[in-house]
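K.L.:
Listed below, chain by chain, are the residues.
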Amino acid sequence: AQKVTQAQTEISVVEKEDVTLDCVYETRDTTYYLFWYKQPPSGELVFLIRRNSFDEQNEISGRYSWNFQKSTSSFNFTITASQVVDSAVYFCALSERLGSGTYKYIFGTGTRLKVLA
Amino acid sequence: GAVVSQHPSRVICKSGTSVKIECRSLDFQATTMFWYRQFPKQSLMLMATSNEGSKATYEQGVEKDKFLINHASLTLSTLTVTSAHPEDSSFYICSARVTGLGNEQYFGPGTRLTVT
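Chains as they are written, first to last, in our numbering: chain P, 1 to 117; chain E, 1 to 116.
Calculated directly from the structure, the hints in this document are not laboratory data. Since the structure is predicted, the reported quantities are computational estimates derived from the model, not experimental observations.
Straight-line Cα separation of at most 30 Å, BS3-like style, residue types lysine-lysine; simulated pairs:
| hint | chain 1 | residue 1 | chain 2 | residue 2 |
| --- | --- | --- | --- | --- |
| 1 | E | Lys55 | P | Lys3 |
| 2 | P | Lys3 | E | Lys64 |
| 3 | E | Lys14 | E | Lys55 |
| 4 | E | Lys41 | P | Lys16 |
| 5 | E | Lys20 | E | Lys55 |
| 6 | E | Lys66 | P | Lys3 |
Sequences are here, hints too, so could you generate the full structure?
P.N.:
Structure representation (structure tokens):
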């Protein structure tokens, strides 16, 4: 069965520290997509990144970087030099292809990140 | 691009009444929209997948007669909570999939429903 595990329920760091959010997934599909979303206190989910299963290149976007490793079924997210504005809940998601040809997400339970000034 | 709106953002209703929540894709057409429910400090739970012009597909355990979904156009899907009860109080979030791209979903800002 498809599953996404975010073992870290809550993380607290001091501003300017680096922090890594873990995501481990299970799937039998050979083609799949992985995503990270940020949910600030306002509630709206913000899309951060999509990665398809054939692209294992790591990606960097400003202070954000992602490490995708198929060998360990992990898609970890690192924030460098964290800022208070990074405080939010971060969700990792795996897309599951349905028989109808559409896709639905399997979400992890989320990691609440608190960045202290 | 890929903006999704929801209306209302917050609603309070009395037990036994019905509430309609609208989800609109503002700058793209969405053949597929999704409705989620999120309890405090929990993850998103998919309620149903809505395809334009056809009946919604509900997840196991979600009452289709209680949560009516209509996807009448490529830019609008509605969720109606019928005969609401206090246990229906939750944060409801819709999303739309951008057809042709990598299956990412863009989420609306959510609707906080409180049933008194």
